[in-house]
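*Asks:* In order, the protein sequence lines correspond to chains A and B.
Taking the working numbering, I'd label the letters of the first sequence as residues 566 to 676.
Taking the working numbering, I'd label the letters of the second sequence as residues 3 to 122.
Hints were generated in silico from the structure; no laboratory data involved.
Honestly, I wouldn't trust all of these hints.
Here are a few chain A residues that face chain B, going by a calculated C-beta distance under 10 Å [to be verified]:
{"id": "1", "residue": "L576"}
{"id": "2", "residue": "S591"}
{"id": "3", "residue": "S593"}
{"id": "4", "residue": "Y597"}
{"id": "5", "residue": "F654"}
{"id": "6", "residue": "F662"}
{"id": "7", "residue": "T664"}
{"id": "8", "residue": "I665"}
From the structure, some residues in chain B lie toward chain A, with a derived Cβ separation under 8 Å [to be verified]:
{"id": "9", "residue": "L45"}
{"id": "10", "residue": "Y66"}
{"id": "11", "residue": "L111"}
Glycine included, each C-beta is placed from N, C-alpha and C at the ideal position.
Chain residues, written in single-letter form:
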Amino acid sequence: GENVEQHPSTLSVQEGDSAVIKCTYSDSASNYFPWYKQELGKRPQLIIDIRSNVGEKKDQRIAVTLNKTAKHFSLHITETQPEDSAVYFCAAFTGGFKTIFGAGTRLFVKA
Amino acid sequence: DVKVTQSSRYLVKRTGEKVFLECVQDMDHENMFWYRQDPGLGLRLIYFSYDVKMKEKGDIPEGYSVSREKKERFSLILESASTNQTSMYLCASSYYRSTSGISSGANVLTFGAGSRLTVL
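Bound-form chain A, shown alone:
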């Protein structure tokens, strides 16, 4: 069935360093790839997304890249700050109402 794999499960970086989270999806029909951030005790919130006809998208310190051929997409956070500490979920959507999520990456940014 449809599956999204996400790595690493935990990531610890020093403040100011970059963080990269990688995901792989199985369904080649997937056409929309959102990323959600969940701070401790709060609800997941959309932070950035990318469509299948775009290879890269950037919003200030965060960027997403998509390699359709390899079915890989990644989240890049530059100049990390303590408030970036959270769990990040990648997801894939094929248009049939279902959004499939990865298992999540817990990011720790050490001050």
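On the provided structure of chain A, position chain B as indicated by the hints.
*Replies:* Frame of chain A; chain B shown alone:
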């Protein structure tokens, strides 16, 4: 501010009890979803609904049912709660954000705050 409201943040129930989790959205969204969140497993879809009185099974529907009598309200029902249903339950609603020239839209989810259920 758009809102998805889950009626209970914390519930403690006993094995075999019937449990109702309520979710209300005020965004006039067509689609509503129930996810279960467990550490290391991400968010797994239990059921979803794309219209009033319509429902579809997600990836883990066993032991659950749903009800959507009104557009704004989507209820998750555990007919006979079991200890393996102890979890965080997240409700979400969505709209399709179309992109010019592309027939299929993007399913942008807005989540509720979650209901943490403990079954003893």
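*Asks:* Which of the numbered hints are not met once you compare them with the structure shown?
*Replies:* Hint check: 1, 2, 3 and 10 fail, others pass.
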